[in-house]
Structure formats: C-alpha cells, structure tokens
Amino acid sequence: MPDIIAAIDEVAATTLIHDAEATLGTLSQSGSGTLGPFTASWGASASLQQGAIDLIAPNVVRVTDCELHYSVNLSFAFDLSSIIPDFCLPRLCIPTPWGDVCTPRICINWPTITIPFSYSDMVKFTADFSLDVHMVGTDWLVDIVIVGVPALNLSAASAAILAGIGLAAGAILAPIPFIGPLLALAVVGITSIIAVAGVTGFLGPILSLFVAGLRFNVYRQPRHFEVLPSGGPVDPAVFINLDAVGALVDGSGGEDELVLSVDISA
Amino acid sequence: MFDSRRMTYLNGFAQRFSKPGSYRYRIASSGTSALERDGSFSIEVKDGNARDKGTQHDVRVRLEGRELVADPPDLSIDVGDLVLWTSADSSIAGYAIEGEGRGFTFSSARLASETVYTHAFGLPGTYRWLDAHGGKVGGIVEVVSPEGTREREQDAWLAALGRPAVITVKGELADPKRIEILTGQTVAWVIEQAKGMTVTEASLIATD
Chain S
141 MPDIIAAIDE VAATTLIHDA EATLGTLSQS GSGTLGPFTA SWGASASLQQ GAIDLIAPNV
201 VRVTDCELHY SVNLSFAFDL SSIIPDFCLP RLCIPTPWGD VCTPRICINW PTITIPFSYS
261 DMVKFTADFS LDVHMVGTDW LVDIVIVGVP ALNLSAASAA ILAGIGLAAG AILAPIPFIG
321 PLLALAVVGI TSIIAVAGVT GFLGPILSLF VAGLRFNVYR QPRHFEVLPS GGPVDPAVFI
381 NLDAVGALVD GSGGEDELVL SVDISA
Chain F
204 MFDSRRMTYL NGFAQRFSKP GSYRYRIASS GTSALERDGS FSIEVKDGNA RDKGTQHDVR
264 VRLEGRELVA DPPDLSIDVG DLVLWTSADS SIAGYAIEGE GRGFTFSSAR LASETVYTHA
324 FGLPGTYRWL DAHGGKVGGI VEVVSPEGTR EREQDAWLAA LGRPAVITVK GELADPKRIE
384 ILTGQTVAWV IEQAKGMTVT EASLIATD
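If you read the protein sequences in the order shown, they are chains S and F. In terms of this note's numbering, the first sequence opens at residue 141 and continues consecutively. In terms of this note's numbering, the second sequence opens at residue 204 and continues consecutively.
Don't take each hint at face value.
Below, a list of computed lysine to any residue pairs in the SDA-like style, where the Cα atoms sit at most 20 Å apart [claimed, not checked]: (1) F/256 to F/396; (2) F/373 to S/235; (3) F/256 to S/235; (4) F/380 to F/367; (5) F/256 to F/278; (6) F/222 to S/239; (7) F/398 to S/237; (8) F/256 to S/242; (9) F/256 to S/233.
One-sided excerpt, in silico: chain S residues whose CB lies under 7 Å from chain F [said to hold, decoys possible]: (10) 229; (11) 230; (12) 234; (13) 238; (14) 239; (15) 243; (16) 244; (17) 275; (18) 278; (19) 288; (20) 320; (21) 321.
The set of hints was computed from the structure by calculation and includes no laboratory data. For each residue, glycine too, the CB sits at the ideal point set by N, CA and C.
Only chain S is shown next, with the shape it has when bound in the complex:
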C-alpha cells in the first residue's frame, strides 16, 4: 500500500495537459525534403493546443482533437527548361527598300528560378499516450509519451499549398521575358508534377517531426524536499524522500482517473 495516493479525473487531466502544451511552447525545425521531383529547403514551427483527455485503464491517456498549429516556409529552385520546352524566336525577314534583312533565330535560355512559399494552418489529431514515470537528476517526473505517430489529415492543406505554389510560381514567372502564354503552361507544369501527393509527401514528414515522440510532463517533484519549514531553532524543517512513484489509469472506482502513488520516507 503506497503512502500517498493522488487521483485526478479527466477534466483535471485535461487542464494538466493544456498546461503542459503551453509549457512546451513553439517548436522549430528545419531541413530539406522532396517536393515532387524537386528538393525544397524548409523551416517550420509548431505549437500544440487544446485536446480533450480520455483516460483508459490501465495505461492510456488518449488526447482527442489536439491541435497542431504550424507554419512552414519552403523554397525550391529548378531549371525552367525542365518544365517548359525550349523556345526560339523564328528567323524573320524585314522588307526594306534595299532588299529584305533577315534576322537569325533567337533562342531563349529559360532561367533557373526559385520559388519561395509560406503556409500556416492547423491540423487536429487524436493520439494515445502512455504514462512514463522516471527520474531525471534528483527529480521525479511523470510524463505522458505519445504511442506511435498519429495520422495527420493533410489533404486540404496539401491542396491549399499546391494552389499557393501555383500562384507564387505565376508571380515569379510573369517577369521572365518571352514567357508569354507559356506562363500558364509552366504553372500547370509545376503544379502537376508536384501534385497534391507530392505536397503531402513533403508536409507529412515535417509535421510528424513535431508529434513523433511527443512528450508532455504532467508532474515534476524533487525526490528530497521540504514539507514543513523550520519553526525555530529547536524546530527544524521536515524533509521527506519520495522513494517510489507510480502512475496508472484506474477505473475501478467507477470513473477513470489518473492515479499517482508515492512511497515516502523521512
């Protein structure tokens, strides 16, 4: 029988998780990834908010509708010649009073272009977490640790990003001399070779970085701590040791509760 048993219900556990989300703050990552046939460099930041807790005995804390708020900046460069065909102004002849003057063909070398793009959105996910009690230094910690990598529904975001990339590409390409009606062809070419699947394949691994191994700390306490301050020269402070800490989800009382059990010694 443990010396101390503390229990909280799902409402209180939800508050704990929300506090833990706020403590976690905004996370940042950067790297490069595959965006369709292109290699894109990216930077991303994300924070977690909301979510309702469902406690499932004996060891599952399910967070439902947790919100991953994220911003992604990406940039990719490519040779425009790989998207639209080579283009040459034809040889043409100018009538003059002294005979025709015929100019040679002029071939246009399409440039390498860089398309930068930013996108912010939120995606909800539901994930199961397991309880993890451990010591770090002289502190006892109770964390909940995500089990596996939750599926993120990115289809809407991917479609929006693809459309945004198309718009960004149009703006970048428009000032390129001689692109004329090939502009639309180029934009269609870029978006079609990336496709929604390409964006999802790019975005998914980035956002997974923010949720894979996700860990919220819900309890932290020094192993040795003062429970009563000194009352005077002859009344010293009282310290106790937390010798063992356990955590589980218990539904035996009719309501699922997150239960903390502690063995102490003086």
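Since the structure of chain S is already known, use the hints to place chain F on it.
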C-alpha cells in the same frame, strides 16, 4: 530595355554599303566594361553596279575570352550589299558597332541612312522610344500579352512571332508613330534617312 547604343542578343543592326572601298570597324563593349579591348574588323566593298536589292551578309558578334569578336572578322561584299550584325550570346551585356572608311562612317549608336535596327520585345508594356542624341524622332511600341493559353492560341502566337513590325524613319518622321505588337514580336526600325540617331527606350534617357 532597348537601346541601339547597347545591343544585346535581342537586337540586330544592319547597314547597307552603297560606296565601294575599305571599311574598318570595331565592336565597342558599351555595357561590358570588364572587357580588355575591342577588336578591329574589316569590310571590303567591291566596286560594281549597285543593285536595288543587295545581298545580305551575316556577322555574329561573340565573346572570345574577354574580347568581343566578329565572325567572320573580315568580309568582302559587293556595293549595295547589306551587313547584319547580331549576337546569340545572352551574356553579352551590350555592344555597339562603330566603323568608318572613305569618308563614310557607320554606327549602331548613330543610326544613319540605309540602316536597320531590330529589337525583340519580351515583356508586355508601353515602351516610348526616342533619339538619345536629341532628335525629334520617336514613338511608342505597345506590347500586349497574347490572349488565351489553349494550344490553338499558342500556335497563333508562335506564328505571330514570325511577323516583324516595321517602323520606317525618314528624317524626323517615324511611321507608324505608334505600333502594337504581341509579347515576343520583333520591331524593325528601317532608317531610310537620318543623320545619326539612336533608338532608345525613353526610360534609359532619364538615367543617362
């Protein structure tokens, strides 16, 4: 931007040689200050009966090391023939043809009688052109985007690119004064009579 004093791969300059003799010319690297020197090239115009319609001779301007060179460097032509200078190298920032011989000078920076200057317009917009040497000649080139993106419309655009628009210059008169073309089309200024003018985009004059 276009300026007959600073020709690029989008330009051509043609000169008719109506007098026999030996001419030397150089390719001045007007916009390529890093180039070490400008070569000197020749045109031998043989005497004979000048025909109304001369033969065209093409000279390519290209970068050889750090020098602008003419290819071929020397020409032998008949009186009344035309020489057209162009460059296929988009890295050449700007050049001018400047030559002289037997009391006659020719220059893309001072377009005189019996010359042609061409420019292919790559972007839509309204371009006002004038003579940077202060002449009153000038006009407007309106470049519009072709309509539609369907294959048939693209084909129509590509076909239009093969049709140059011609502006004839006689003294201080340009005809037509205003011209409308599609993006990608070429305008040719046929200088029938002039004492030494430029075809220069007005916005460049303000920054000179």
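Here's how the hints hold up against the structure:
1. F/256 to F/396: 17 Å, holds
2. F/373 to S/235: Holds: residue 373 of chain F and residue 235 of chain S sit about 16 Å apart, inside 20 Å.
3. F/256 to S/235: 10 Å, holds
4. F/380 to F/367: 16 Å, holds
5. F/256 to F/278: Roughly 18 Å between the alpha carbons, so the hint for residue 256 of chain F and residue 278 of chain F holds.
6. F/222 to S/239: Within the cut-off at roughly 17 Å; holds.
7. F/398 to S/237: Holds: residue 398 of chain F and residue 237 of chain S sit about 18 Å apart, inside 20 Å.
8. F/256 to S/242: 13 Å, holds
9. F/256 to S/233: Since the Cα atoms of residue 256 of chain F and residue 233 of chain S sit roughly 14 Å apart, the hinted pair holds (cutoff 20 Å).
10. 229: At about 6 Å, which falls below the 7 Å cut-off, the nearest Cβ of chain F leaves the hint on residue 229 of chain S intact, so it holds.
11. 230: Given a least distance of 4 Å, the restraint on residue 230 of chain S holds.
12. 234: 4 Å, holds
13. 238: Because about 5 Å separates residue 238 of chain S from the closest Cβ in chain F, which is inside the 7 Å limit, the hint holds.
14. 239: Holds - the Cβ of residue 239 of chain S comes within 7 Å of chain F, reaching about 4 Å at its closest.
15. 243: 5 Å, holds
16. 244: 6 Å, holds
17. 275: 66 Å, violated
18. 278: 68 Å, violated
19. 288: With a closest approach of 46 Å, the residue 288 of chain S hint is violated.
20. 320: Holds, about 4 Å.
21. 321: 5 Å, holds
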